[in-house]
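Work out the full structure, taking the sequences as your base and the hints as a guide.
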Amino acid sequence: QKEVEQNSGPLSVPEGAIASLNCTYSDRGSQSFFWYRQYSGKSPELIMFIYSNGDKEDGRFTAQLNKASQYVSLLIRDSQPSDSATYLCAATYGSGNTGKLIFGQGTTLQVKP
Amino acid sequence: EPEVTQTPSHQVTQMGQEVILRCVPISNHLYFYWYRQILGQKVEFLVSFYNNEISEKSEIFDDQFSVERPDGSNFTLKIRSTKLEDSAMYFCASRFYTDTQYFGPGTRLTVL
Numbered sequence: 012q013k014e015v016e017q018n019s020g021p022l023s024v025p026e027g028a029i030a031s032l033n034c035t036y037s038d039r040g041s042q043s044f045f046w047y048r049q050y051s052g053k054s055p056e057l058i059m060f061i062y063s064n065g066d067k068e069d070g071r072f073t074a075q076l077n078k079a080s081q082y083v084s085l086l087i088r089d090s091q092p093s094d095s096a097t098y099l100c101a102a103t104y105g106s107g108n109t110g111k112l113i114f115g116q117g118t119t120l121q122v123k124p
Numbered sequence: 592e593p594e595v596t597q598t599p600s601h602q603v604t605q606m607g608q609e610v611i612l613r614c615v616p617i618s619n620h621l622y623f624y625w626y627r628q629i630l631g632q633k634v635e636f637l638v639s640f641y642n643n644e645i646s647e648k649s650e651i652f653d654d655q656f657s658v659e660r661p662d663g664s665n666f667t668l669k670i671r672s673t674k675l676e677d678s679a680m681y682f683c684a685s686r687f688y689t690d691t692q693y694f695g696p697g698t699r700l701t702v703l
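In the order they appear, the protein sequences are chains R and D.
Each residue of the first sequence is one higher than the one before, counting from 12 in the working numbering.
Each residue of the second sequence is one higher than the one before, counting from 592 in the working numbering.
Do not take every clue at face value.
Listing some non-contacts, in silico: residues in chain D with all C-beta distances to chain R over 10 Å [unchecked claim]:
#, residue
1, N619
2, V634
3, S646
4, F656
5, E676
6, R686
Ranges of calculated distance between the beta carbons of each label pair, as one might list FRET restraints [as the list claims (entries may be wrong)]:
#, chain 1, residue 1, chain 2, residue 2, range
7, R, Q91, D, S672, 43 to 53 Å
8, D, E594, R, N33, 42 to 52 Å
9, D, L630, R, L57, 44 to 54 Å
10, R, N77, D, P599, 41 to 51 Å
Please keep in mind that the hints were generated in silico from the structure rather than gathered at the bench.
Glycine is no exception: its CB is placed at the ideal position from the N, C-alpha and C atoms.
In structure tokens, the structure reads:
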């Protein structure tokens with residue numbers, strides 16, 4: 012069973028702090044990893060994707076991938092109250108014409124003013 | 592910016608009735624997906640669709656479910672005889688050749 016695991020939280024940080032969200036995955040065959048943000052009652056919104064080991068930065072967001080440890084993380088710098096949401100980690104499984112996403116249960120982030 | 596659209600936003604139906612959920616993927620995308628999310632639970636994969644056929648389906652996607660791409664733009668999910676446990680948010684997603692999937696706003700299905 013292919014699994015993606017996240018701590019459900021809530022993770023509470025003060026405004027302006029760094030929020031660190033973590034995720035592990037079970038299948039070494041996965042190639043691509045994604046962070047989606049989901050507000051209550053809304054659909055997942057893509058934040059970042061990462062394919063290669065190391066760090067990838069996009070504005071206030073940095074994704075980190077360590078394939079040896081099967082670990083993905085998302086750092087949010089200068090956290091804002093509008094960042095309060097559930098963050099979903101997802102991994103792609105299947106090659107060719109499939110490429111389904113397997114999601115973790117999500118980590119709820121609360122940014123307090 | 593192109594986006595995936597879904598209709599209706601909310602569908603209420605009686606148990607045993609058929610429902611069709613509609614999606615319009617991003618126009619140049621080639622791979623299409625349906626996911627569902629029961630309230631408070633994970634987003635779960637249902638089915639993937641490419642080149643006018645199902646490429647993979649999950650255990651959830653039993654004989655009560657079907658998908659169709661009736662024309663060049665729409666992608667539909669049909670549930671033939673709804674059950675109470677089918678109540679969930681249903682998300683359509685699409686992608687081009689890269690792995691990145693873009694999600695529609697979802698349809699909330701309520702089965703009474």
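**Study point:** Violated constraints from the hint list, given by number and in increasing order
**Key:** 2, 3, 6, 8 and 9
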